[in-house]
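Engineer: The residues making up each chain are set out below.
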Amino acid sequence: MRYVILGAGVAGFAAIESIRQADTAGEISIVSDDPNGFYSRPGLAYYLSGEIDGKALYPRSREDYRALNFAFINARARKILRDGKKLELEGKPALEYDRLLIATGARAIPLNIPGADLSDVVKLDHLADANTILALAKRGRTAIVTGGGITALELTEGLLARGMAVHYLLRGERYWSNVLDARESQIVEARLQADGVVLHYHAEVTEVVGRHKRVIGARLKDGTIIKCDLFAYAVGIAPRMELAQDCGLACERGILADERLQTNDEHIFAAGDVAQVYDPLTGHSTLDSLWNLAREQGRVAGLNMAGRRTAYLKSAPFNVTRLAGLTTTIIGTVGRGRDEDVLGIARGDSETWRELPEAIVAQGGFDVNHVRLLLGENHIIGAVLMGDQKLSLPLQKMVTHKTDISSIRDMLLQPNAPIADVLADFWVGQT
Amino acid sequence: MSFLNLFKTDSTRRAVLTAGQVVPESARCVQCGICSYNCPIGIDVRAHVWRNESIVHSECLTCGECVARCPRGALRFAQTDLFKRSGA
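As given, the protein sequences belong to chains A and B, one line each in that order. Residue 193 in our numbering sits at position 193 of the first sequence; the count goes up by one each step and never skips. Residue 1009 in our numbering sits at position 9 of the second sequence; the count goes up by one each step and never skips.
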């Protein structure tokens, strides 16, 4: 059996591992246009900030790769020939496959304004992008970051850690407004400002201004020009699905895959950020851009490619990140949408937090701790936890298992309720 | 391990830190490598987390560097079976 995996992100790598588990003799090739192979793409944020060096980004050693026995081909894929089951590559011989996995991930949506093609305009998709940013940060003094969500903040914090003065431009009135509430946005913004970031609200860039092909500033909608030597953007990502579209695979917002990660071609599978995967529980096909879901999809795709029928079961949506130095967990439904299910919101701050039982041994010691719970009629439907993470595991379990919390619901909703204590006591009683 | 273990008294907490081990929650991990990078004795903590295995390593000091530095809170301490207290 010849397996070809397109894309060397976590979905592709997880597929290699699971194929090898099921088929020790098959021939596995992994094709990527990124010469650096498999490294931790989320780790790029910490490489930028200087918390790790470039070598630390690689989770696996050469010995690990040898044990998995696969060929790495650094090439850009040009075309999938479904009839002949071949993958055409640029400048390299075509690869024949019996099973193909498309795990090409997503790429940053390009900035569509004049000046976006200047050499000091950067994004953060690949290791090469991070290296470009580091080289520019060495000689530049001032950076502008525009965009939202996690990547924009990672760029902001990375550039700041590299000694640049950073202007962060927000299009709206606060940070990540579709996920965080006003208080949480304010916590993040205040911490950024305390670190020296200059925040600009309602700031829309209309042009990156350059001279001799170099960035010298950005023009805002109101005509203001902010000077800078580096312009970084993170305005969203889009699945890299052109090859799939060109060969007629069914695509919507991503490549459509069933619960076995199979596309409408029985020889081709899709996993990771590029795949829009059918969820039998909801009947919908969803696009996720979470690293751990990509890993699980890759694992399941690999097993199915090797003939072991396995269904992908999506776990409850759950994301962890670090926002302005605070470990943050976002569980279940927390942002806009499905508001009709939210019957109450409970919030706790750092003061109530300090009363948590000391024996919950998880990450703590933050100067700010915050919890927000979205309560349904009898259960918690979502939670945001910033700082202290001791309640994270219990909350994940309570949201996933729809634990009946009606006995503490009123207590949680009281003004200035000691939410952390109430939850901790409740959880102890449950276990 | 029951979650009850996590909600015990301060003395238990100290016991966990001295006689415990580092336990991963691999769903939070993105293999960034900060844990391995900062381990003072060079344990490849990240490889354990990928396999969702506790850091059972004879040289682990349970110093807590990896737990504190993980940007995604993927690591915590738990008592080992070896030093398990009554009722745990």
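Hints may be right or wrong, so weigh each one.
[To be verified] Example chain A residues on the side facing chain B (calculated, C-beta under 10 Å, incomplete):
id	residue
1	Ala45
2	Glu51
3	Arg62
4	Tyr65
5	Asn69
6	Arg183
7	Tyr278
8	Leu281
9	His284
10	Ser285
11	Leu287
12	Trp291
13	Glu296
The hints are simulated quantities; they were obtained by calculation from the structure and are not laboratory data. Note that the Cβ used here is the ideal one computed from N, Cα and C, for glycine as well.
Engineer: In ascending order, which of the hints set out earlier in this document are inconsistent with the structure?
Structural biologist: 3, 4, 5, 6, 7, 8, 9, 10, 11
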